[in-house]
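One letter stands for each residue in the lines below.
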Amino acid sequence: MANAQDEAVSRLDSAVSEVFEMMLERSCDPMEGEVDTVVGRIVARIQFTGAVDGECLLYASPATASITAEALLGTPSAPHDPMADDAIGELCNMIAGGWKSKLKSPEADCLISAPKVTRDGLEGYRPQFGTKFSRNYSFQGNIFGVVLAF
Amino acid sequence: MRKVIERALHQAGLELTEVLQASNGEEALQILRDNQSNPLALILSDINMPIMDGLQFLEIRRQENLAQGVPVVMITTEGNETFVMRAIAAGAQGYICKPFTAEQVKVRVLPLLRAA
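Here the protein sequences come in this chain order: A and B.
Residue 40 in the numbering used here sits at position 40 of the first sequence, and the numbers go up by one each step.
Residue 5 in the numbering used here sits at position 5 of the second sequence, and the numbers go up by one each step.
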């Protein structure tokens, strides 16, 4: 089990790194600590179905979201700009897709949903998956968290 | 992502005179139906979209014979061979996996525009 967890986290680190290097042209490193899921953060959610059933959640502050949007678009973005929410949804989409692309067959034969993004917290949300991996990441001092659950 | 792609096309040296945007396949089909007398140069589509995904969009586009001469490039996180083959069978000429660089967009999109 420890190996499976190490592999899942290693794939996640690699997916995050690729997304930041290719799309945002900057490095992003894993950090120690629990992912901050308090209300007020922007949450993006992608679901995996098929050979893998699970979900990928990405938590970011509005400030981190606006910096992510700026990095993706090359134009300034305010923390309450809807573009910041879109950026977090797309970041989650690319990370989940990158993670999935590193799975071997038959696990790779799963579908990922379009991202859903909320600023209202995951009210009423009940985690339905038992195994969970979570990891914080930092780029230029901006922190976001990713949770994978299966 | 639509803004990100616009930026990448701009970086690739493309001057975009008009960009028609849709947030899902259904909206994209309506744009094609509404612009039959306004030829488009290129269609870029994701696969994972709400309401109607990119593969369904391609199938219905073909069934309705909409914008058949316009090159289609899929830009998506779905990089596995099954999706690539399905997209190409449904009428896509190009396929770019996210994450991508502006150079990858340039290399895959410009030849299609030149050939169109």
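These are computed hints drawn from the structure, not numbers from a lab.
The reader is advised that the hints may include incorrect statements.
[Said to hold, decoys possible] Below, computed lysine to aspartate or glutamate pairings styled on EDC-like, alpha-carbon distance capped at 16 Å:
#, chain 1, residue 1, chain 2, residue 2
1, A, K104, A, E21
2, B, K3, A, E70
3, A, K116, A, E70
4, A, K104, B, E81
5, A, K132, A, E70
6, A, K102, B, E6
7, A, K102, A, D36
8, A, K132, A, D81
9, B, K3, A, D36
10, B, K106, B, E15
11, A, K132, A, E18
12, B, K3, B, E26
Bear in mind that the values here come from a model prediction, so they are computed numbers and not experimental data.
Right, here's what the structure says about each hint:
{"no.": "1", "hint": "A:K104 to A:E21", "result": "violated (23 Å)"}
{"no.": "2", "hint": "B:K3 to A:E70", "result": "holds (11 Å)"}
{"no.": "3", "hint": "A:K116 to A:E70", "result": "violated (20 Å)"}
{"no.": "4", "hint": "A:K104 to B:E81", "result": "holds (12 Å)"}
{"no.": "5", "hint": "A:K132 to A:E70", "result": "violated (30 Å)"}
{"no.": "6", "hint": "A:K102 to B:E6", "result": "violated (28 Å)"}
{"no.": "7", "hint": "A:K102 to A:D36", "result": "violated (26 Å)"}
{"no.": "8", "hint": "A:K132 to A:D81", "result": "violated (31 Å)"}
{"no.": "9", "hint": "B:K3 to A:D36", "result": "violated (29 Å)"}
{"no.": "10", "hint": "B:K106 to B:E15", "result": "holds (13 Å)"}
{"no.": "11", "hint": "A:K132 to A:E18", "result": "violated (22 Å)"}
{"no.": "12", "hint": "B:K3 to B:E26", "result": "violated (20 Å)"}
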